[in-house]
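> Taken in sequence, the protein lines are chains X and Z. Residue numbering for the first sequence follows the working numbering, starting at 4 and increasing by one per position. Residue numbering for the second sequence follows the working numbering, starting at 4 and increasing by one per position.
Since the hints were made in silico from the structure, they are not lab data. Bear in mind the structure is a predicted one, so any value in this text is a computation, not a measurement. Any given hint could turn out to be false.
The list makes no distinction among identical chains, and a pair is therefore deemed to hold if it is satisfied within one copy or across any two copies.
Only pairs whose alpha carbons sit at most 25 Å apart, straight line, appear in this in silico SDA-like list of lysine to any residue [said to hold, decoys possible]:
| hint | residue 1 | residue 2 |
| --- | --- | --- |
| 1 | K296 | L312 |
| 2 | K127 | T12 |
| 3 | K296 | T12 |
| 4 | K127 | G313 |
| 5 | K14 | P35 |
| 6 | K14 | G217 |
| 7 | K14 | A331 |
| 8 | K296 | A200 |
| 9 | K14 | R292 |
| 10 | K14 | P134 |
| 11 | K14 | N176 |
| 12 | K296 | R246 |
| 13 | K296 | E37 |
| 14 | K296 | R197 |
| 15 | K296 | R201 |
| 16 | K296 | Q204 |
Number of protein chains: 2
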Amino acid sequence: MTIPTDPETGKFVRAPNHFAARITADGRDGWPVEPGRYRLVVSRACPWASRSLVVRRLLGLEEAISVAVADPIQDERSWRFTLDPDGRDPVLGIRFLAEAYQAAEPGYDGGVSVPAIVDVPSGKLVTNDYPQITLDLSTEWTAYHREGAPDLYPEKLRGEIDEINQAVYRDVNAAVYEAGFASQQSAYDEAYSRLFARLDQLSDRLSRQRFLVGDTITEADIRLFTTLVRFDAVYHGHFKCNRQKLTELPVLWAYARDLFQTPGFGDTVDFDHIKRHYYQVHEQVNPTRIVPKGPDLRGWATPHGREELGGRPFGDGTPPGPPPAAEALPPQW
Amino acid sequence: MTIPTDPETGKFVRAPNHFAARITADGRDGWPVEPGRYRLVVSRACPWASRSLVVRRLLGLEEAISVAVADPIQDERSWRFTLDPDGRDPVLGIRFLAEAYQAAEPGYDGGVSVPAIVDVPSGKLVTNDYPQITLDLSTEWTAYHREGAPDLYPEKLRGEIDEINQAVYRDVNAAVYEAGFASQQSAYDEAYSRLFARLDQLSDRLSRQRFLVGDTITEADIRLFTTLVRFDAVYHGHFKCNRQKLTELPVLWAYARDLFQTPGFGDTVDFDHIKRHYYQVHEQVNPTRIVPKGPDLRGWATPHGREELGGRPFGDGTPPGPPPAAEALPPQW
């Protein structure tokens with residue numbers, strides 16, 4: 004995998020999401036909400052894709068939207084279905100996610116990213132617009148939410164959620180990549196400083212309240228969680244985000260454990276996929292492709308004490324049940 | 004710098020020390036103990052060289068044996084005196100340590116390592132045999148030890164010290180390099196497992212006694228210290244020794260802080276040299292040569308509580324005074 008950086012500044016340049024059609028209840032983009040019609044393609048390694056796995060679980064959309072899990076190791080054709088029998092996704096019948104991109108736009112030669120939602124009948128990619136995907140699962144798929152599903156994007160809190168999401172995106176979700184993929188010291192230094200300044204500010208906020216916005220789990224928590232859960236496993240060492248480990252930031256560590264131990268969060272996390280992806284794909288950062296045996300992950304199961312702050316994780320709703328058997332993960336430590 | 008590994012196993016192959024003459028009180032190798040005659044060449048980045056810096060300080064040999072500090076960044080000619088005016092060591096008058104190796108053995112084309120002791124009058128390298136260098140400072144230079152110098156290698160404890168030194172060398176001092184320089188997963192895995200098994204065993208031992216052997220500081224503590232003090236700064240991330248940080252291993256962390264805060268230990272440690280050396284020289288491990296800004300080092304100054312275990316750090320002796328002004332280091336955090 005080649006990591007694109009600006010030759011002048013050494014800053015990592017993230018490719019834009021190209022396919023931004025929306026699947027909506029009214030079908031205005033030509034893609035109506037319809038259970039069984041779409042397939043969500045993810046890598047469990049990828050923090051952007053993992054958001055949609057968490058939201059799908061919390062909302063109980065597992066029956067309505069099936070999931071395809073790509074091999075955590077991409078090759079030059081990007082995400083592959085090499086974990087499946089014969090190396091083909093059993094529903095889409097394709098070997099590479101790129102085939103769905105090609106079906107949607109013949110001749111497409113841009114990036115191939117997850118999460119991606121594919122229209123099963125036509126085999127065409129509908130969207131890889133990850134920030135919109137999770138919001139649409141919350142707001143457009145309501146007819147198929149489970150009984151007791153939480154409202155992850157409550158109307159009256161959207162302003163505050165959007166605002167914090169923007170800061171978390173810039174200074175946390177994206178900043179870890181900007182630190183890790185920087186090709187010049189100054190670009191790294193700037194991303195590192197911005198990251199830890201924001202983590203300090205979030206720690207302060209979360210020392211007084213159990214969740215980021217309001218008193219229930221929202222989209223904002225999910226977006227922070229998918230970076231925090233990867234922090235010690237990959238960002239701390241591989242991306243040099245090493246002022247402290249997450250385990251050394253008491254508030255954020257307790258906050259992350261609280262979410263991890265909530266049904267729908269930790270049961271989507273595959274640390275093996277996460278570690279192998281980052282350490283084996285980014286040869287520009289880790290040329291030996293050796294995957295560290297650490298860190299010791301057992302701390303994720305320890306008591307977090309966050310109940311003392313109050314909060315109602317699912318508001319007036321309930322936690323989801325266990326994941327479907329086909330999606331259950333092996334023990335993580 | 005090219006890292007030599009076995010093509011079959013991926014194991015790092017350490018070059019032997021080539022020059023093993025000894026400087027002794029009786030001068031039997033042709034190199035008699037004589038104050039002012041020899042120059043100790045070190046890099047403050049290097050754990051092997053740092054042993055001799057600590058021993059020299061503890062024994063008060065600063066006047067008897069002067070020190071040359073090489074630039075932490077080697078080039079293809081190895082250690083350089085680029086920190087000195089005109090890039091020349093002011094005493095030896097050479098630009099590269101390799102010149103002293105050449106003076107000792109014209110045509111020598113093996114490795115150039117620190118610590119190295121050079122005979123000032125002839126400019127010839129005497130020895131780069133680091134395990135013997137520190138023992139000889141303790142046992143052959145006694146006539147020039149300071150008043151109150153500790154006995155770092157007491158006769159009646161030598162068997163026990165030698166035994167623990169052997170285990171610490173194999174499973175700690177060398178194992179971190181074997182983990183970090185492995186070119187195959189299996190070689191890394193083996194070194195990692197051996198390292199942490201030994202650290203667990205040392206933690207257990209040090210939970211009951213303040214120092215490794217007897218109740219005073221000995222050579223054994225110095226050899227463990229120089230690896231532990233580098234652990235979180237470089238071995239944890241750069242060498243993937245990441246089961247835990249040292250800060251997460253309570254006994255070893257307190258033990259390391261106890262030594263760090265003892266005059267003669269922490270005052271020899273330059274974290275800037277350590278980090279720049281490892282991250283900038285080993286391009287096979289860190290091709291971007293970016294140096295992490297972390298970890299937060301302030302914990303090194305926090306109380307360690309090890310006094311409760313008893314022990315007499317300097318036995319019947321006393322701690323050394325501060326380092327000579329010319330060797331004092333800038334604040335480390």
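> Each hint needs a verdict: does it hold in this structure or not?
Outcome of the hint check:
1. In this homomeric assembly, K296 and L312 never come within 25 Å of each other (Cα to Cα): the closest approach is 35 Å inside a single copy and 33 Å across copies.
2. Taking the shortest Cα distances, K127 and T12 never come within 25 Å of each other, neither inside one copy (37 Å) nor across copies (46 Å).
3. With identical chains, the CA atoms of K296 and T12 are at most 25 Å apart between copies only, with a shortest distance of 18 Å across copies and 33 Å within one.
4. Taking identical chains as interchangeable, the C-alpha atoms of K127 and G313 are never at most 25 Å apart, the minima being 45 Å within one chain and 72 Å between chains.
5. With identical chains, the CA atoms of K14 and P35 are never at most 25 Å apart, being 39 Å at best within one copy and 57 Å at best between copies.
6. Taking identical chains as interchangeable, the C-alpha atoms of K14 and G217 are never at most 25 Å apart, the minima being 35 Å within one chain and 54 Å between chains.
7. With identical chains, the CA atoms of K14 and A331 are never at most 25 Å apart, being 38 Å at best within one copy and 37 Å at best between copies.
8. Proximity of K296 and A200 under a CA criterion of 25 Å is satisfied inter-copy only: 13 Å between copies versus 29 Å inside one chain copy.
9. For the homomeric pair K14 and R292, the shortest alpha-carbon distances inside one copy (23 Å) and between copies (15 Å) are both at most 25 Å.
10. Taking the shortest Cα distances, K14 and P134 sit within 25 Å of each other inside one copy (22 Å), while across copies they are farther apart (44 Å).
11. Proximity of K14 and N176 under a CA criterion of 25 Å is satisfied intra-copy only: 15 Å inside one chain copy versus 36 Å between copies.
12. In this assembly of identical chains, K296 and R246 lie within 25 Å of each other by CA distance both inside one copy and across copies; the values are 21 Å within and 7 Å between.
13. When the C-alpha separation of K296 and E37 is checked against a cutoff of 25 Å, the pair qualifies neither within a copy, at 43 Å, nor between copies, at 49 Å.
14. Taking the closest pair of Cα atoms, K296 and R197 come within 25 Å of each other only across two copies (12 Å); inside a single copy the shortest separation is 29 Å, beyond that limit.
15. Proximity of K296 to R201 under the C-alpha cut-off of 25 Å is restricted to the inter-copy arrangement: shortest distance 16 Å between copies versus 29 Å within a copy.
16. Proximity of K296 and Q204 under a CA criterion of 25 Å is satisfied inter-copy only: 19 Å between copies versus 31 Å inside one chain copy.
Hint compliance for this structure: hints 1, 2, 4, 5, 6, 7, 13 are not met, and every other hint is.
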